[in-house]
Amino acid sequence: MRLLRLTWAVAANAFSESVRHRFFTLFFVFAFASVYASVLAGVMAVDQEARVLADFGLALIELTALAYALFNAASVLLKEAETKTIYLVFSRPVPRWAYLAGKLWGALLTAGLMLAVMAAMHLALLALRGFGVPAFYGWALAGAFLKLAVITAIAFFVSLFSTSPVSTIVISGILWTAGHFASEARFMAERVPGVAAPALKGLLWLIPNLQIFNARDAAGAASALPPAAFAAAGAWMLAACLGSLWLLSRKEF
Amino acid sequence: MSARAVSFSGVEKTYRRPGLLGASYNTAVKDLSFEIPAGEVTGLLGLNGAGKTTIMKLLTGLLFPTAGSVRVFGHSPSDAAAKSKVGFLPELPYFPPQVKPGEALAYFGRLSGLSGADLALAVRTAIERTGLEPHAGKRVSEFSKGMLQRLGLAQAILHKPELLVLDEPVSGLDPLAIHDIRGLLAGLNAEGRTIFLSSHSISEVEKLAARVLILVKGSLALTVKRAQWEAAPGGLEAIFVEAVK
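So the protein lines, in turn, are chains A and B.
Counting in the working numbering, the first sequence runs from 1 upward without gaps.
Counting in the working numbering, the second sequence runs from 1 upward without gaps.
These are computed hints drawn from the structure, not numbers from a lab.
There's no promise every hint is true.
Straight line, CA to CA, 30 Å or less: simulated DSS-like cross-link-like pairs of lysine-lysine [said to hold, decoys possible]: (1) B:Lys245 <-> B:Lys225; (2) B:Lys100 <-> B:Lys30; (3) B:Lys207 <-> B:Lys30; (4) B:Lys160 <-> B:Lys85; (5) B:Lys160 <-> B:Lys245; (6) B:Lys138 <-> A:Lys84; (7) B:Lys225 <-> A:Lys251; (8) A:Lys79 <-> B:Lys85; (9) B:Lys207 <-> B:Lys225; (10) A:Lys201 <-> B:Lys30; (11) A:Lys251 <-> B:Lys245; (12) A:Lys84 <-> B:Lys207.
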């Protein structure tokens, strides 16, 4: 119970610091502009306005939330080390795993809030144009959140060995992009001749398959995310967290 | 309470800096052995780079010794049992600019295991003791260096630690703030708390400490008791200069 309270204290503080940051407000202005851009794209689509407005809006929501989540995850641990705030935390009886879990929890709460507010803006725009809520909408948002959760956990891991937030964002961004081409990469790896094939296949295990979280791509308009998607997200996050904990437990400040 | 608050036994700390052509190593402290008696104010003096901050970080569990052992009230500094008895004020403490002192203290209080009415009382008491009451409604961004230092001290005493580890507690402060902090530390020591402080200011250490450790290039050059420097011509300053020359 004490450890849960500790973890929650770190999470609540991380969430509160994030939403009070100037950058968060700026991001909301940018998010609104991005979501509003989907209206323009929808209008240009003429007959397919509802579909383009929904798809384009969701894609922009996901990309905007991803950009913020990466920035947040890449800078949060590094900033605490640079400002020496971490001295005040780790000189107290706070286990490193509780700190890490709290920071991740806080980052996910922030990402969740960002998704929720952007979705509200998007749904308001859909309603304004006279369209209802698409059947797959909730699952698409859930998929986007799972992707953010996986990539945030990976960015935390990368930030513990990379030299700057920029390199963390770049590495995590590459993994996010590669994660959307996981099945294509697997297909190509199976056709690579010689000894490179097993090495390439092994390397692919390091890239999370983010395609399984795309509810919009699945057959059927209201397709729910399969339980395997949740299990995969949990497994990827757990692996990234264990890696982060291994690095953090050896880190000196 | 144990008679020894802290003990260092044959401690060495070497920093490893990775480079393109292999790692470079820098030994910050070596073969360091000393004890800090419980209930006493012990000062740590040394030139820049002598290893003062390294010692502070070793005994708060922020650094791990390369060799030897550090014990805090008989525990490893990384143990929760040791950490719950320690309050640490690092040099130039940082607090998020948008928070008020009460919010910052409440967070650190929660991390120290306080909650509910105990937390509220601890925050109120720490604010009162450090003289931050008139500034309680301000945000940290409006704080002067002296007020930040007081807030740093407030977070260190929040959970009533048995040992206070203070890295340059009066660095860059005006005379009134120094006077207030000195009074506060003397009061805390009178309550039986052990204080271990590092400083560049010999006169400050001289006023507060019962014993002073003089560190030269990572090694303990001298341990001086109050009676010794009071009897010496030139006082502690003369002893320090002689030791570091």
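Taking the hints in turn, this is what the structure says about them:
1. B:Lys245 <-> B:Lys225: Holds. B:Lys245 to B:Lys225 sits at ~20 Å (cutoff 30 Å).
2. B:Lys100 <-> B:Lys30: Violated, at roughly 41 Å.
3. B:Lys207 <-> B:Lys30: Roughly 29 Å between the alpha carbons, so the hint for B:Lys207 and B:Lys30 holds.
4. B:Lys160 <-> B:Lys85: holds (8 Å)
5. B:Lys160 <-> B:Lys245: violated (39 Å)
6. B:Lys138 <-> A:Lys84: Distance ~22 Å between B:Lys138 and A:Lys84 Cα, so the pair holds.
7. B:Lys225 <-> A:Lys251: violated (37 Å)
8. A:Lys79 <-> B:Lys85: holds (27 Å)
9. B:Lys207 <-> B:Lys225: holds (12 Å)
10. A:Lys201 <-> B:Lys30: Status violated; Cα separation ~48 Å.
11. A:Lys251 <-> B:Lys245: Status violated; Cα separation ~35 Å.
12. A:Lys84 <-> B:Lys207: Holds, at roughly 29 Å.
When each numbered hint is compared with the structure, violations occur for hints 2, 5, 7, 10, 11.
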